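Chains as they are written, first to last, in the working numbering: chain H, 1 to 170; chain A, 1001 to 1118; chain B, 2001 to 2403; chain Z, 3001 to 3102.
The set of hints was computed from the structure by calculation and includes no laboratory data. Keep in mind the model is a prediction, meaning the values are calculated, not measured. Errors might be hidden in some of the hints.
With a cut-off of at most 25 angstroms between alpha-carbon atoms, the simulated DSS-like pairs for lysine-lysine come out as follows [claimed, not checked]:
| no. | chain 1 | residue 1 | chain 2 | residue 2 |
| --- | --- | --- | --- | --- |
| 1 | A | K1038 | B | K2157 |
| 2 | A | K1112 | B | K2380 |
| 3 | A | K1038 | B | K2083 |
| 4 | B | K2083 | A | K1033 |
| 5 | A | K1112 | A | K1033 |
| 6 | B | K2324 | A | K1112 |
| 7 | B | K2087 | A | K1038 |
To give a feel for the contact side, a few chain H residues facing chain B, derived at Cβ under 7 angstroms [as the list claims (entries may be wrong)]:
| no. | residue |
| --- | --- |
| 8 | S50 |
| 9 | V56 |
| 10 | I63 |
| 11 | F116 |
| 12 | L120 |
| 13 | P121 |
| 14 | M123 |
| 15 | V127 |
Simulated DEER-style distance windows between Cβ atoms [to be verified]:
| no. | chain 1 | residue 1 | chain 2 | residue 2 | range |
| --- | --- | --- | --- | --- | --- |
| 16 | B | S2022 | H | P121 | 44 to 54 angstroms |
| 17 | A | D1085 | Z | A3059 | 16 to 26 angstroms |
| 18 | Z | R3087 | H | M98 | 30 to 40 angstroms |
| 19 | B | P2311 | A | K1112 | 50 to 60 angstroms |
| 20 | Z | R3053 | B | F2041 | 43 to 53 angstroms |
| 21 | B | R2063 | A | M1089 | 32 to 42 angstroms |
| 22 | H | W108 | A | K1112 | 49 to 59 angstroms |
| 23 | H | W108 | B | I2029 | 35 to 45 angstroms |
| 24 | A | D1085 | B | V2355 | 14 to 24 angstroms |
| 25 | A | D1085 | B | I2029 | 52 to 62 angstroms |
Backbone N, C-alpha and C fix where the C-beta goes; we use that ideal spot for every residue, glycine too.
Here are the chains, one letter per residue:
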Amino acid sequence: MTVLQVIFLITAVVTLGGAVLVVTVRNLIHAALWLILTLFGVAVMYGLLSATFFTVIQVVIYIGAIAILMIFAIMLTRRVKQEAGSSVNKGWWLAGLMSLVLFTALVWMFSTWSGFQTTLPVMPANVDMVKVLGTALVSPNGYVIPFEIASVLLLAALIGAVVVAWERKS
Amino acid sequence: MLNDWIFIGIFLLLAPIFPALALLIPRLIAPRKPNPLKTETYECGIETYGETWVQFKVQYYIFALVFLIFDIEIVFLFPWAVAFDQLSMFAVLEGVLFIMILVAGLFYIWRKGVLEWV
Amino acid sequence: MSDPVNSIAEWLRMILSSWGLSEGLITVILGVLGVVILASFVLIVDIMLVWIERKIVARFQDRFGPNRVGPYGVLQPIADVIKLLIKEDIMPNGADKFIFNIAPIIALAAVLLLWAVVPLAPTIIGADINVAVLYVVAIGSLGTLAIIMAGWASNNKYALLGAFRTVALLIAYEVPMIIALLVPVLLARSMGMQTIVAAQSTWYIFVVPLAAVILFISSIAELGRTPFDISEAESEIVAGFHIEYTGMKFGLFYAGELLHALTVSALISTLFLGGWRGPFVDQVPILGPVYLFIKSFFVYYLIMWIRYSFPRVRIDQMLGFNWKFLTPLALCLLIVVAILDKLLVGTSQAVYVLVMLGANLMIVWATVLILRKYARVERKRIGEERPVAVPPDTESSELVGQE
Amino acid sequence: MISLSYFLVFAAALFCIGLYGVLARKNAIAILMGIELMLNAVIINLLAFWRFRSPEMIAGQVFAVIVFAVAAAEVAVGLALFISIYRRRNTIAADEIDLLKW
């Protein structure tokens, strides 16, 4: 076992443990905090994939913005009596079974694929991936259309969400 | 480069230890005699009444929402700024267009009166 | 290029490798050592800050400040620490124990973590990563998290309300802060702190002063200091999110706040005031930290000056100021800087700086004009007669209430 | 040595846990958390394929960036919907929002 493997395994166990708690814990605020731990573990995973830009972006956007948005929404919609009942619906065992089956099927499918055991290729040396990404995002023969569409999507999300959530004064 | 990230990792693991140590010392030497009156929630001299969970204004959510949308832009704009050397004027203007579209959203909600804190 | 820190590190590396340790292990050991030294140094500075802050506040308010313990009261912070250590730690009823305890730890650790990317000298930096500016933003969001956790775990209405207000403030002011951070990144074409410092042959404050001002204002808001201290507005919500914290746990929040102020000053110095740059720093690298700390304390002094000179603004004014003034201004500045930078390719340094500076001043001038017009309208609006609250003795007011 | 299989299995596990959350949870916000887990699994997959199969091409990273933007938009609109529903029906339990099920 190399050091990298040990780091990977510890992160994976913590992350998956956190994820399990996210979907099982009854208290929603606790679930949100576990979600933050899980997202942090995923950020470490990005780091292990040498996509360090995504590591920081994950923390900034998922933990700094999305998780906080979720906590706000939980606080806005909480009812005390709701916590009393069961937090899962009647078919939860079916859902669990389906997830388990899907997981086994996915792993089985992967294992039959020849590229499954690809080992880490060396990164192109002395290339600043952030720079490459920036160039690709706006260069006309790169990904400029997705780039602009993303901004339109964000605009639509902003306007749509505000219109939906906004309380009209009567 | 890799060494730098190892350093950050070590820092992440060690940084909570310093404040945790500072909390450990009082646990050993400070007195600890809680009683119901002492651990009462402090609320300007009256006894606490009802649920802590008061209903919040939707305004908080709206501001977090606007923040989220503007936060996303950094994913796109930071690489754009870093790659500035290799960009043509056209590519720069694309970045400006990106910002302008978001500004249009800001002005829309401004006109709607969403940004008023009422 | 030899400085004491790196030579000691080299020396230790040699000793350790002579013991037959592997390369990776040595890196980890040296990393741990570096973290411990850096963090202890920063924490000691933090303890001294208590004295500095109190002494300077006292001067602003025409008092003496602490002057009993030790000469000029320098030992006062030590006494404070001892007092905090032996204070009883009270946990409020119904608190969420684990989260309640972990929140102050995260609050201080988040500030400590920022020092990993602050360059102290040409060769002395914790970690010279290529996403350092975003790292600062990311760690800042951990601080926000600590506040939410503290407010929620306290089981106190005022703490929760304070935490919500603080978070609304923090995330709102993060937007202009990020945009202002984009400007030096754009000028230096890098997010690495060392690259940004190295690119500042002209300090960026002379190139884009407006970005520095925007970053400064939003940083004060991020710190939650007056005039933006609604998070702990004593007259409104008692003390905000840390109302239920006592003893050392409160001490950690307090220390975190003070250290955050210095850290933000160090970051502003790094990004806009040339960081460790100064005379002779290339020959004697150890001068770097000295210059950095001089600049940082200058910015810190400015923050304190503002803190003790201004009254608190209302929450609606504060958020309005952010969304309707600071954010559009920062975006406008970013667009102007981006286009000008591309237009000025190939011109000499002097022309570049002068045009940039001129453009900045133009934006400031235009802003002032718009603000003047707005202020005229606003004065008229406020001056108009408005319905005032009347005591509910008349029947008509009751009818209004029932509708 | 870490191989691609590690990340794929990890992402599959995360995806399935998220799926369980989406299918089994009652509270709408908890369901959204499950969706977030699934989206994170997707991003891990994208980045893993980029890193292991074609580190010299940037397409994988661009894809991941777009997924980030879409995830943010989804959360923003989704939560806004839940708040609006809560205001009208005073609940956000998924099995109580049954207006279309007359």
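Hints and how they fare:
Under the criterion of a C-alpha separation no larger than 25 angstroms, the hint pairing K1038 of chain A with K2157 of chain B is consistent with the structure, at around 17 angstroms. Between the alpha carbons of K1112 of chain A and K2380 of chain B the distance comes to roughly 23 angstroms, so the proposed pair stays at or under 25 angstroms and holds. Between the alpha carbons of K1038 of chain A and K2083 of chain B the distance comes to roughly 20 angstroms, so the proposed pair stays at or under 25 angstroms and holds. Our distance criterion of 25 angstroms between C-alpha atoms is met by K2083 of chain B and K1033 of chain A, whose separation comes to about 17 angstroms.
With a CA separation close to 55 angstroms, the supplied pair K1112 of chain A and K1033 of chain A exceeds the 25 angstroms bound. Between the alpha carbons of K2324 of chain B and K1112 of chain A the distance comes to roughly 13 angstroms, so the proposed pair stays at or under 25 angstroms and holds. Between K2087 of chain B and K1038 of chain A the alpha-carbon distance is near 14 angstroms, which keeps this suggested pair within the 25 angstroms criterion. The criterion of a C-beta within 7 angstroms of any C-beta in chain B is not met by S50 of chain H, whose closest approach is roughly 12 angstroms, and the hint is violated.
For the restraint placing V56 of chain H at the interface with chain B, the shortest Cβ-Cβ distance is roughly 4 angstroms, inside the 7 angstroms limit, so the hint holds. With 7 angstroms as the threshold, the beta carbon of I63 of chain H comes within range of chain B, its nearest partner Cβ sitting at about 6 angstroms, so the hint holds. Contact between F116 of chain H and chain B, as hinted, is not supported at the beta carbon level, the nearest pair being about 28 angstroms apart and thus beyond 7 angstroms. This hint is violated: L120 of chain H has a C-beta 16 angstroms from the nearest C-beta of chain B, more than the 7 angstroms allowed.
A least Cβ separation of about 21 angstroms between P121 of chain H and chain B goes past the 7 angstroms threshold, and the interface hint is therefore violated. With a cut of 7 angstroms, the hint placing M123 of chain H at the interface with chain B is violated, because the nearest CB-to-CB distance is about 13 angstroms. A cut of 7 angstroms between beta carbons decides the hint on V127 of chain H: the least distance to chain B is about 11 angstroms, and the hint is violated. For the pair S2022 of chain B and P121 of chain H, the beta carbons lie near 24 angstroms from each other, so the given range of 44 to 54 angstroms is not met.
Range check, D1085 of chain A to A3059 of chain Z: about 22 angstroms between beta-carbon atoms, so the 16 to 26 angstroms window is met. Between R3087 of chain Z and M98 of chain H the CB atoms are about 33 angstroms apart, so this pair conforms to the stated range of 30 to 40 angstroms. A hinted range of 50 to 60 angstroms for the beta carbons of P2311 of chain B and K1112 of chain A is inconsistent with their spacing of about 31 angstroms. Between R3053 of chain Z and F2041 of chain B the C-beta distance comes to about 45 angstroms, which sits within the given range of 43 to 53 angstroms.
Between R2063 of chain B and M1089 of chain A the CB atoms are about 58 angstroms apart, so this pair departs from the stated range of 32 to 42 angstroms. Checking the proposed 49 to 59 angstroms range against W108 of chain H and K1112 of chain A shows it holds: the Cβ atoms sit about 52 angstroms from each other. Restraint check, W108 of chain H to I2029 of chain B: a C-beta distance of roughly 43 angstroms satisfies the suggested window 35 to 45 angstroms. The hinted window of 14 to 24 angstroms between D1085 of chain A and V2355 of chain B holds, with their beta carbons roughly 19 angstroms apart.
Against the hinted window of 52 to 62 angstroms, the Cβ-Cβ separation of D1085 of chain A and I2029 of chain B comes to about 39 angstroms, which falls outside the hint.
Hints 5, 8, 11, 12, 13, 14, 15, 16, 19, 21, 25, counting from the list given before, are not met by this structure.
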